[in-house]
Amino acid sequence: MSPQSHPTTTNDAAVNEIRRLIARHKTWDGLFGLLGIVTLLSALLVFATLFGQMLVNGLPHLSWEFFTSFPSRRAASAGILSAWVGTVLVMLVTTLVAVPLGVGAGIYLEEYAARNLLTDIIEINVTNLAGVPSIIYGLLALGLFVYQFGLGQSIAAAGLTLALLILPVVIVATREAIRTIPQNIREGAYACGATKWQMVAHHIIPYSLPGIMTGVIIGLARAIGETAPIITIGALTFIAFLPPSPFGDAEHLLSFEWLLAPFTVMPIQMFNWISRPEEAFQANAAAAGLILVVMTLSMNAIAIWIRHHFRKKIKW
Amino acid sequence: MNHLASSPAVATIALLTALAVHPSAGAAPPVVKIDGSSTVFPITEAVAEEFQKARKGAVNVTVGISGTGGGFKKFCRGETDIANASRPILKKEMDECAKAGIRYYEMPVAYDALTVMVNPQNGFIKSLTVAELKKIWEPAAQGRINSWRDVNPAWPDQKLKLYGAGADSGTFDYFTEAIVGKVKSSRGDFTASEDDNVLVQGISGDKGALGYFGFAYYIENQKKLKAVAIDAGKGAVAPTPESVENGTYQPLSRPIFIYVSEQSIGKAEVREFVGFYMKSATQLVKEVKYIPLPAKAYTGNLDHLARKKLGTVFGGRNEVGLTIEELMKREAQL
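Just so you know, the sequences run in chain order A and B.
Residue numbering for the first sequence follows our numbering, beginning at 1 and increasing consecutively.
Residue numbering for the second sequence follows our numbering, beginning at 1001 and increasing consecutively.
In isolation and in its complexed conformation, chain B is listed as follows (with noise of 0.2 Å):
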């Protein structure tokens, strides 16, 4: 290529082609491939992070955040080894999996608490019903409920802001089903956003403020917020580890989960991985602060990959008010 170094652009365009034409094969480590929901993302991240400081550079491992949906296309089409899902696979992906001949492995890794919160200045709301919440959040309300008192007439006149998470998440889509009745199904004027530190900003800042997300950005942020129990018709029970894993925090607990292509799984380093993670899973999933499954939930996940138990034991929809029991139950069908 020495007589075409003179120009640049030439050799550039040359040498894309060449590159776009031959792959490179080269001794460069394996990579294992993620991407998917940024909920998930945290807990992924920590296992990798521990799984290439284990391996010492052997094996290397990439996380995306394309967001649930984004993360099962390049899945289904062959693109990554393992997809992180806050919600299990739809009919639409499943459909589009089987087209492109992907199968999959289906491993819930942890829980997450979708926690409803206000002001800390709000001293009225200690817990909130499921009718109340509905009433808040329903399409209907949108230009009627305004105030909390239009809420229950026993409350202030105080002016209701609402934040909650933007529509292309699977926050949104579990919040909508699980209060509303209706996924995406909610009104529309409330300050939403991808990124919750916008919106612990906006509830940190507003006395009347109400507001959603997930269970770690509320630790986190515990000084600026107030949590509301919840009571959907059991007694109000307060969003807390303990809580989701006896099954009481209802609705709002939800299981997240990685799929792994059955491709990838012929692969050591993503058998090794997908091991290291179910291994590690209990003491990371607590560190980034969100709700580990009991040990034989992880034990459960490498009994199927060894025994090929394929597919999802959620038939293409999503559920709400799962607890880890049933989850644990409907796993061990498969």
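Chain A with its partners taken away, still in its complex shape (with noise of 0.2 Å):
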């Protein structure tokens, strides 16, 4: 460092171009952040607009009937019992089978896999699968599930289906989630005596709970408004009964009939009613869509809510 040795005019000078300088800089940061607001308010507004208008048409049709109707060919009296509850229990296969393969696949490859050439050519497919395209699911599952393992056009097939195409979402999330726990909480656990096994289940997965948690959320509401491979496996379109109760008899207290039981899901109910000739079919599509939006909405809700609640438990 050289010693101060400028006269005071030009020490003025000088601060002064740092001041316009520095001015110029911030009129560039001012400029972005503009940027950024009208990106921001743009986006939103067009959802705003596809949002309200979707109210605008579907709001008056919203009643109880609505959801305890099946399908018709009179608009009026047409509703989505079918399509909610066949919705509702796909969604309850793909959590079933998605959550714990997902999260199992997760804690394998951060946890217990060795650093080899089989692991990273496991970690660059699982991260190549999240990029694929639904309708390939759709045509892998038409052929493994529907016709190998004879499932048929049934809830389990699309169960299974949605899960393949989430589990790599949720393999995502299980491993970014466990990779934010501190090195030092593993290394404490062992110092104490702990079996890697009981690292795993009493460290890991409590403090990576919420971040799993949003993976898989996030990964069902992708879930819940696919239709492309839905419809590769052979949903149906007018379906007016629902799958046998899965609360059996006496005998058999719960019964697993509907796993077999054909169904159609809302996106398709949706499209079908979008392409009807009789303008009245349009407001049932946008309730059926104001619904899925709800839908979608809320497990994103339960997300966020799952997040902050478990955090507050975490405390290191």
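Calculated from the structure, these hints are not laboratory results.
Virtual Cβ for every residue (Gly too), placed ideally from N, Cα, C.
It is possible that some hints are incorrect.
Stated by the list, open to error - Straight-line Cα separation of at most 25 Å, SDA-like style, residue types lysine to any residue; simulated pairs:
#1 B:K1135 / B:A1238
#2 B:K1073 / A:I135
#3 B:K1224 / A:K312
#4 B:K1286 / A:A75
#5 B:K1296 / B:T1282
#6 B:K1056 / B:K1207
#7 A:K312 / A:A189
#8 B:K1074 / A:E278
#9 B:K1207 / A:I135
As the list claims (entries may be wrong) - Far from chain A, some chain B residues (derived; all Cβ distances over 10 Å):
#10 K1033
#11 P1042
#12 G1057
#13 T1129
#14 N1146
#15 A1154
#16 A1192
#17 G1205
#18 Y1217
#19 K1226
#20 A1232
#21 G1247
#22 K1286
#23 K1289
#24 K1296
#25 L1305
Stated by the list, open to error - Some but not every residue of chain B turned toward chain A, in silico, with C-beta under 7 Å:
#26 A1046
#27 E1050
#28 N1060
#29 T1062
#30 G1064
#31 Q1201
Mind docking these for me? Both chains are given alone in their own frames, and the hints should help you get the complex.
Okay, here's the thing in structure tokens:
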């Protein structure tokens, strides 16, 4: 460092120069901020317009009967009973399959797997799978689940298909969540004499739960709106009955017949209504869309709540 | 399975495997499975709805829309009881069914009129000849016929915008065969959609538009569209239920069918459903804006069933310009 040797006047000039420079850079800062806001607002505006239009068209059509009626050729008496029940049951199967498999795979890859070529290949494939178009999953499922495993065009086949679809999302989310746990937590557990499984079960899983749940919900929110793979495996368009009840008779407390029942889901019901000649069905489609958006939004809300709730419990 | 319950993954997989091996019989009501053309869908759906109401849930009916081709694929694999078809079964599909040992009853259920439409503000088009339509739609027209004047010098120099059915639909097959003379032969630079409402929107918003689709969509959107009368050499005829019935709306009237599997008809619920279909068709077909066949066509179908007259009268080829009367004569020969 050289000692200060400039006269005061030059010094002032230098300071002014720096001030100008800062001001100029701040202008850029401001401009970028403005650009960001404009981008954000235009995205929100598009969403708000679409949602608003759907509200205007669909809201007058929402009634209790809409939820409790089967589809019909008469727009006024058509409802979404078989569609929403189908969506709920398919999502149930998807969750039951995708969560244990995805979380298990994520934990294995992060905590157990040795760093070698095989692990690298698996990792690359999992990441790539997240980008595969959903119709490809549909085609795979048509061959594998529907025909090879003989599940037919059933709720089970659809649930498994969507489970495959969101598996990469769940695995990646699990791994990201686990990576945020500091190494010294693991070392602390080992220092107290914990085995690897104890360390995973008592520390890794509970601490990464908020992140995992967020990933699961994001995956499910994607799956609930999927149409292409479900149509590919053969979901039906007109179905005016419900799958058998999951609660069986006195002999068998739970019945699993519903897994093999034919079904339809909300996006397919919407698609069918949109392509009808009668204009009244367009309003039905808007109302069904509204319900679907509400279903997705409430799933996201649950994700946010879970994240918040579980984070509060973690004390380290 | 209690000890496994703590591990949902294991439980689920075990359960699904078990189900895959032993499909449950159960006491659920029998299901009549139908799939196929989206053109026939509204009719079959209406019948299914009324049938389920009449049987008070004792029989369930499912209807899918895989398209005529997709519907036959499932039908010939024995996955469905009934196939909805907007054209007769083709040779390839007949072979497929024969290979799987699936025999079937062919039952025409209604007529549809492919309707050619222009924008309501189009003042100079009242009717079009088949030759003019061919000039507009044939593959050679691409790049050459771009305005109405290119079709007929008497018409204004307004840009011609075309709307038509998607290439996978039976409607596209029928229209190209009836107008251009060769199945699937069409110019490619038009707005194609499987969703007819997209076509309705397009034609109603574009002054120079011309397009075609099923009669039901025209009836529901009469205010936004103008139907064109078709002249096949015997004067211009507008598409109406009457002109289809008396066979003058040519060559764009077409019969639509259901195909019933011989194996399935052995099941009481399928036999009952088909009986109900033929009895209620006249009224329900009209209600969903298609053109019903004469009553004797429906009794004829049931008669074929009773006398085990299997197979098709079309020999595996699509045929254009068949009037209801000709169809009836043909079916009677089975």
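Verification of the hints:
1. B:K1135 / B:A1238: 20 Å, holds
2. B:K1073 / A:I135: Holds, because 19 Å separates the two Cα atoms, which is no more than 25 Å.
3. B:K1224 / A:K312: Status violated; Cα separation ~59 Å.
4. B:K1286 / A:A75: 17 Å, holds
5. B:K1296 / B:T1282: 11 Å, holds
6. B:K1056 / B:K1207: 50 Å, violated
7. A:K312 / A:A189: Given pair A:K312, A:A189 holds - Cα atoms ~21 Å apart, limit 25 Å.
8. B:K1074 / A:E278: Not satisfied, since the Cα-Cα distance of roughly 29 Å exceeds 25 Å.
9. B:K1207 / A:I135: Cα-Cα ~37 Å, so violated.
10. K1033: 8 Å, violated
11. P1042: 6 Å, violated
12. G1057: 7 Å, violated
13. T1129: The claim holds: B:T1129 sits with its nearest Cβ about 27 Å from chain A, beyond 10 Å.
14. N1146: The claim stands: B:N1146 keeps its Cβ more than 10 Å from every Cβ of chain A (closest is about 30 Å).
15. A1154: Answer for B:A1154: holds, closest chain A Cβ roughly 34 Å.
16. A1192: Non-interface label stands for B:A1192: nearest chain A Cβ at 14 Å, farther than 10 Å.
17. G1205: 15 Å, holds
18. Y1217: Given that some Cβ of chain A is not farther than 10 Å from that of B:Y1217, nearest at about 4 Å, it is violated.
19. K1226: 16 Å, holds
20. A1232: 26 Å, holds
21. G1247: The claim stands: B:G1247 keeps its Cβ more than 10 Å from every Cβ of chain A (closest is about 25 Å).
22. K1286: Check passes; 12 Å lies beyond 10 Å.
23. K1289: Not fine: 7 Å to the nearest Cβ puts B:K1289 too close to chain A.
24. K1296: 26 Å, holds
25. L1305: Holds, since 23 Å exceeds 10 Å.
26. A1046: 5 Å, holds
27. E1050: With Cβ-Cβ at 9 Å, over 7 Å, it is violated.
28. N1060: B:N1060 check passes; min Cβ-Cβ to chain A is 5 Å, inside 7 Å.
29. T1062: 5 Å, holds
30. G1064: At 5 Å from the nearest chain A Cβ, B:G1064 passes the 7 Å test, so the hint holds.
31. Q1201: Since chain A brings no Cβ nearer than about 11 Å to B:Q1201, farther than 7 Å, the hint is violated.
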